[in-house]
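2 protein chains.
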Amino acid sequence: MNQTLETLLQHRSIRSFTDTVLTEEQINIIVEAAQMASTSSYMQAYSIIGVTDLEKKKELADITGQSYVKDNGHLFIFCADLYRHQILASDLQKQDMIQNIENTEHFLVSSIDASLAAQNGAIAAESMGLGMCYIGSIRNNIERVDQLLQLPEHVIPLFGMVVGYPNKQTEQKPRLPKQAVYHVNSYNKEQSGDLRSFDHTIQDYYKSRKQNARLDSWTDQMIRRFSHPMRMDVSDFVQSKGFNKR
Amino acid sequence: MNQTLETLLQHRSIRSFTDTVLTEEQINIIVEAAQMASTSSYMQAYSIIGVTDLEKKKELADITGQSYVKDNGHLFIFCADLYRHQILASDLQKQDMIQNIENTEHFLVSSIDASLAAQNGAIAAESMGLGMCYIGSIRNNIERVDQLLQLPEHVIPLFGMVVGYPNKQTEQKPRLPKQAVYHVNSYNKEQSGDLRSFDHTIQDYYKSRKQNARLDSWTDQMIRRFSHPMRMDVSDFVQSKGFNKR
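Note that the protein sequences, when read in sequence, are chains W and V.
Following this note's numbering from start to finish, the first sequence increments by one per residue and tops out at 840.
Following this note's numbering from start to finish, the second sequence increments by one per residue and tops out at 840.
Hints listed in this document are in silico derivations from the structure and should not be mistaken for laboratory results.
Since the model is a prediction, treat every value here as computed from it, not as a measurement.
Given that identical chains are not distinguished, each listed pair holds provided it fits within a single copy or across any two copies.
Dumping the calculated EDC-like pairs for lysine to aspartate or glutamate here, alpha-carbon to alpha-carbon at most 20 Å:
#1 LYS772 x GLU618
#2 LYS783 x ASP647
#3 LYS801 x GLU765
#4 LYS783 x ASP685
#5 LYS839 x ASP827
Throw the hints in and build the complete structure from the sequences for me.
Laid out in structure tokens, this is it:
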């Protein structure tokens with residue numbers, strides 16, 4: 595097994611960091627790796643905001659409810675970005691280009707571009723011995739995050755990524771059985787056996803892990819997650835910024 | 595520089611493959627690496643369809659207009675997948691859970707989950723000496739791809755990934771200047787100088803590259819891309835499958 599596969603297969607999210615900040619060189623490598631990810635039709639429809647301002651980090655930690663959003667080696671916010679494309683359209687006064695930029699197809703393109711870039715950055719960080727964790731909970735108050743980072747129209751924050759030197763190692767979390775996730779030629783709807791066996795796996799994992807042991811299953815977690823309306827404002831927000839309009 | 599960074603920074607899309615098919619072991623490693631990517635709140639809201647059926651590959655090559663969608667080492671289709679979560683809701687007869695599953699927030703979550711997984715798969719493939727290319731053009735006829743793969747409600751195809759042994763090496767495509775993509779603490783809207791200098795870079799690249807040399811710039815490409823309405827049916831399609839409803 596090569597070193598890269600080892601890095602990929604050893605992944606675990608890190609949520610506690612020493613207070614060593616990343617060097618400029620480390621940040622540059624992470625950004626450069628992110629930029630080298632594939633991009634849909636060369637659009638490069640994303641931007642990354644590095645947040646170093648302590649007041650902003652504090653407020654982001656409040657929004658997300660996660661202290662490590664403030665206390666880490668570096669905080670990146672990944673954004674879907676069609677601003678550069680919109681400038682071209684505005685300069686040419688082409689209204690039909692704007693309509694195209696604002697459709698669901700390009701909401702998808704920009705979200706996918708940002709995610710591919712982010713994952714390259716994550717792998718780059720982990721290959722250098724750093725730990726990382728994505729922060730989807732910036733969408734707890736996506737409008738406020740948007741204001742904090744002064745994002746123009748056609749740019750929206752999608753998720754954060756904290757990076758730093760791990761303060762403690764964590765255990766690796768099991769994944770769904772391969773056959774529930776990987777299908778051949780057509781989708782296999784018969785997954786209930788796999789989900790039951792996964793629930794047993796994950797119950798054992800939660801019961802036996804060294805930190806934060808608890809009684810829980812994947813099914814119970816998902817039911818809790820979806821039982822209350824969550825981030826219902828994301829839809830109106832993204833449309834107000836010129837994404838996902840139809 | 596470690597081996598993983600070298601892999602990340604050496605990326606170029608490969609669009610021509612020898613006729614050697616991937617081994618089961620290679621496919622398993624790619625899927626396993628994909629599964630180890632981070633996933634939002636442990637949702638694992640994606641599925642991967644491996645396509646080996648030649649008739650299906652032919653039709654997908656027609657839809658995408660790319661012959662290498664048929665001729666490659668292996669073809670993966672990455673899907674946003676909330677089907678497993680919807681089963682839980684249906685079993686519990688919880689209508690409010692369905693509404694939550696179908697909102698824009700979880701359209702984003704599942705698209706991001708699928709993309710993070712895909713990029714891990716891409717890096718795993720490249721680390722083993724394979725080449726790859728994403729195929730966004732399956733969305734040229736997303737409804738037909740959905741039928742071909744027999745995807746149930748709450749599963750949609752997002753993009754393909756072809757993997758195989760490169761038939762010829764390609765040159766690496768330049769990226770936007772770092773300062774256009776990476777911002778510190780707030781978004782920098784002053785990018786027109788960067789875009790102009792990038793246009794010069796990319797004009798030189800297209801003029802001098804060994805295969806398919808042409809006169810073109812990034813700006814011109816983007817204007818062409820956005821000048822005609824594109825995949826305007828994606829919006830209705832994803833809603834018809836139970837995604838992005840509000």
